[in-house]
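**Student:** Line order of the protein sequences matches chains Z and S. Using the numbering used here, read the first sequence as starting at 953 and increasing by one per residue. Using the numbering used here, read the second sequence as starting at 504 and increasing by one per residue.
No lab work stands behind these hints, which were simulated from the structure alone.
Just a few of them, taken from the derived set where beta-carbon distance is under 10 angstroms, the chain S residues facing chain Z:
#	residue
1	Val536
2	Ala628
3	Arg634
4	Lys734
5	Ile738
Here are the simulated lysine-lysine pairs, PhoX-like style, with alpha carbons at most 20 angstroms apart:
#	chain 1	residue 1	chain 2	residue 2
6	Z	Lys992	S	Lys667
7	S	Lys734	Z	Lys957
8	S	Lys781	S	Lys866
9	S	Lys749	S	Lys666
10	S	Lys667	S	Lys749
11	S	Lys737	Z	Lys957
12	Z	Lys961	S	Lys734
13	Z	Lys976	S	Lys680
14	Z	Lys992	S	Lys740
15	S	Lys799	S	Lys866
16	Z	Lys992	S	Lys743
17	S	Lys737	Z	Lys1001
18	Z	Lys992	S	Lys737
19	Z	Lys1001	S	Lys740
Yeah, the Cβ is synthetic: ideal placement off N, Cα and C, and Gly gets one too.
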Amino acid sequence: MVTIKLNGKDGIIGENLSLLEILKERNIIPETVVVALNMKVINQNELEKTFLSDGDSVEILRFVAGG
Amino acid sequence: MHNFYERYKSHILLEEIGISGQECIKSSRVIIVGAGGLGCPVAVYLASAGVGNIGIIDFDNVDVSNLQRQILYGDKDVGKSKVEIAKEKIERLNSEIKVITYNEKLTSLNALEVLKNYDVVVDAADNFQTRYLVNDACAIIGIPDVWASVYRFEGQVSVFDVKKCACYRCFHPVSPKPGNVPSCGESGIVGAITGIIGSIQACEVIKIITGAGNSLIGRLLYLDALNMVAKEFKIAKDSKCVLCGKNPSIKELIDYDEFCHISESSKNEITSDELNIKIKNNKNIQLIDIREENDKNDLVFPQAATISLKNIVFLKDKLNKNFDAIFVCKYGYKSIYAVQLLKESGYKGKMYSLKGGTLKYLK
Chain Z
953 MVTIKLNGKD GIIGENLSLL EILKERNIIP ETVVVALNMK VINQNELEKT
1003 FLSDGDSVEI LRFVAGG
Chain S
504 MHNFYERYKS HILLEEIGIS GQECIKSSRV IIVGAGGLGC PVAVYLASAG
554 VGNIGIIDFD NVDVSNLQRQ ILYGDKDVGK SKVEIAKEKI ERLNSEIKVI
604 TYNEKLTSLN ALEVLKNYDV VVDAADNFQT RYLVNDACAI IGIPDVWASV
654 YRFEGQVSVF DVKKCACYRC FHPVSPKPGN VPSCGESGIV GAITGIIGSI
704 QACEVIKIIT GAGNSLIGRL LYLDALNMVA KEFKIAKDSK CVLCGKNPSI
754 KELIDYDEFC HISESSKNEI TSDELNIKIK NNKNIQLIDI REENDKNDLV
804 FPQAATISLK NIVFLKDKLN KNFDAIFVCK YGYKSIYAVQ LLKESGYKGK
854 MYSLKGGTLK YLK
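The shape of chain Z in the complex, shown without the other chains (with noise of 0.2 angstroms):
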């Protein structure tokens, strides 16, 4: 098991999870956010090889356009 703080919360996910499996298990569509892992935006072609340790800290932001 792996600890990770997602969006300030403390949470237990699975081991060698990438952020799009993360996105997937939560039914969240990839392009529709912005990703940040350790306080850094992840691109969204990075996202499947990006995989998470314990201690990262990972931020779903909702990818909007409003003005």
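We have chain Z already, so just place chain S on it with the hints.
**Tutor:** Just chain S, lined up with the frame of chain Z:
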């Protein structure tokens, strides 16, 4: 005309601005794309700050639902051109500045021609097509794009400048499909959020012009005003970026409707007049109203069936394939997506989306 030093004393006192900085502000040229929730406070602060040349581009008229947050407009402005009212109002704030208005939509055809006359662009638009367009045009011209977007109680701000760091495509290369992401009109927005975030944009513009401090280049500022927490995230330049990476494939402006999944072929739009003819002729049509509950203050089509977009595929087995299905929403965007979704689900009947939505139909 007021004395320059008196008028801008509070700027001039700041060592980061001073007289030379205020002279820079006076001679600068800034264009605001979108005169809505964000564009209004940006225009107010730039005008008051003495930005010598302000461009405003927007093709919309003031709607009564804009008044809750679009602070340049009042009761008497409903129905009038946004850019005209905006110009009138900010010229009253500062008669020493020049305001140029463009009462048109920013498109691939006019973007370079319009934006190249400016030093900084403020992206205060309300849709993804325009945002990718502004980004690409700024990168091609080589000027910074002061970007922000708002949603409910949240705001996001950054500055994209390919000369120094990332662009909007490095930040988010893939546009979401329409309908998957709500607009302000659909999801709601606290008026003050547009004020806060628009003011941050204006502040970034002043910093860029005067060279003061550290701009938001390479950083995303995120404000969650419901809990009043601000966070900052790094945005890195993407070496594989199709626009500003090592081997760019985008070298000129593209079709942004297509890029944002609004393809002409799948639009299947019907105009208000065409719809009225169909209704008048008692043509066999089935009207489906997919507006959100809070947008249904007018019962535009009492005969219409109602369903929310998220349940739209259930219509596949309920619609009569022999009758035209006409989808209506507030702005005419979600209805395009409804048609696409049902098409993808395998529905074979004829479908149309009401162009411009109920908002246009009622005019």
